[in-house]
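Counting from 1, one number per residue, gives the positions in the sequence shown under my numbering.
Be aware that a few hints might be false.
The list that follows gives simulated cross-link-like pairs (lysine-lysine, DSS-like), each with its CA atoms no further than 30 Å apart [stated by the list, open to error]:
{"id": "1", "residue 1": "Lys2", "residue 2": "Lys39"}
{"id": "2", "residue 1": "Lys8", "residue 2": "Lys152"}
{"id": "3", "residue 1": "Lys147", "residue 2": "Lys39"}
{"id": "4", "residue 1": "Lys2", "residue 2": "Lys62"}
{"id": "5", "residue 1": "Lys24", "residue 2": "Lys134"}
{"id": "6", "residue 1": "Lys2", "residue 2": "Lys101"}
{"id": "7", "residue 1": "Lys62", "residue 2": "Lys8"}
{"id": "8", "residue 1": "Lys8", "residue 2": "Lys101"}
{"id": "9", "residue 1": "Lys109", "residue 2": "Lys152"}
{"id": "10", "residue 1": "Lys75", "residue 2": "Lys24"}
{"id": "11", "residue 1": "Lys38", "residue 2": "Lys62"}
{"id": "12", "residue 1": "Lys62", "residue 2": "Lys152"}
Pairwise CB distance ranges, derived in the manner of DEER restraints [claimed, not checked]:
{"id": "13", "residue 1": "Pro14", "residue 2": "Gly50", "range": "17 to 23 Å"}
{"id": "14", "residue 1": "Asp31", "residue 2": "Asp4", "range": "24 to 30 Å"}
{"id": "15", "residue 1": "Glu5", "residue 2": "Glu42", "range": "36 to 42 Å"}
{"id": "16", "residue 1": "Thr51", "residue 2": "Lys147", "range": "31 to 37 Å"}
Hints listed in this document are in silico derivations from the structure and should not be mistaken for laboratory results.
We treat Cβ as the ideally placed atom computed from N, Cα and C, and that holds for glycine.
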Amino acid sequence: MKLDEFTKQLVIVPINESQYLREKYINSFIDVNREYYKKYIETLNEYSDGTCYTGYLWDCLKDVIVTDLQYIESKSCVMNNVFVFWDIHTKERIFYNDYWKFGKKSVLKLGFNTLMNNLEFLPEDVYIFDESFKWTLVITHEFVDDKRWCLKTGNI
Numbered sequence: 001m002k003l004d005e006f007t008k009q010l011v012i013v014p015i016n017e018s019q020y021l022r023e024k025y026i027n028s029f030i031d032v033n034r035e036y037y038k039k040y041i042e043t044l045n046e047y048s049d050g051t052c053y054t055g056y057l058w059d060c061l062k063d064v065i066v067t068d069l070q071y072i073e074s075k076s077c078v079m080n081n082v083f084v085f086w087d088i089h090t091k092e093r094i095f096y097n098d099y100w101k102f103g104k105k106s107v108l109k110l111g112f113n114t115l116m117n118n119l120e121f122l123p124e125d126v127y128i129f130d131e132s133f134k135w136t137l138v139i140t141h142e143f144v145d146d147k148r149w150c151l152k153t154g155n156i
């Protein structure tokens, strides 16, 4: 699928709602009392492309369970529409051309299968959840033993 076809199959959530969803996600799944959170996420830095943090939210997940991409893919039979977003990093620390297909602070709403079939259009670290805020799945950029390192929390 091409990027324009993928874009037609999703909704870019308006910025005010995106901000609300990110904040609710952090309140639901992230341990904001960790020193890592305070140092690398809560503390923002100014860059040429705006204010960004330098850490990864997934380093502060509450009640985290390590899983793999196959587990996440297996959820396709029980998933419908989901939200997805990524860490707010600066282009100054990302060394890929055309990395940001969507805004850094964007949240997308789309079908789970559409998401899983088009991950190449998104940054490497993605946070997936639905409107219930009862679970999250995270696909990181890390590989362990040649497997994509993924995380989950909540009842899924």
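Okay, the hints, checked on the actual structure:
A threshold of 30 Å between alpha carbons decides the hint, and for Lys2 with Lys39 the separation of about 38 Å lies outside it, so the pair is violated. For the proposed pair Lys8 and Lys152, the alpha carbon gap of about 28 Å is at most 30 Å, so the pair holds. For the hint pairing Lys147 with Lys39, the CA-to-CA distance comes to about 29 Å; that is within 30 Å, so the pair holds. Taking the CA atoms of Lys2 and Lys62, the gap is about 36 Å. The hint is violated against a cut of 30 Å.
Between Lys24 and Lys134, the direct Cα distance comes to roughly 11 Å. Compliance with the 30 Å bound is thereby established for this hinted pair. Between the alpha carbons of Lys2 and Lys101 the distance comes to roughly 12 Å, so the proposed pair stays at or under 30 Å and holds. With a CA separation close to 34 Å, the supplied pair Lys62 and Lys8 exceeds the 30 Å bound. A hinted pair counts as satisfied when its Cα atoms are at most 30 Å apart, and Lys8 with Lys101 qualifies at roughly 13 Å.
Simply put, Lys109 and Lys152 have alpha-carbon atoms about 19 Å apart, close enough for the 30 Å limit, and the pair holds. At most 30 Å may separate the alpha-carbon atoms for a hinted pair to count; Lys75 and Lys24 meet this at roughly 23 Å. For the suggested pair Lys38 and Lys62, the alpha carbons sit about 15 Å apart, so the restraint of at most 30 Å is met. For the given pair, Lys62 sits about 10 Å from Lys152 by alpha-carbon distance, which is consistent with the 30 Å threshold.
Pro14 and Gly50 have their C-beta atoms about 18 Å apart, which keeps the hinted 17 to 23 Å range intact. Distance hint check: the CB atoms of Asp31 and Asp4 are about 39 Å apart, inconsistent with the given range 24 to 30 Å. The given range of 36 to 42 Å is respected by Glu5 and Glu42, whose C-beta atoms sit roughly 38 Å from each other. Between Thr51 and Lys147 the C-beta distance comes to about 34 Å, which sits within the given range of 31 to 37 Å.
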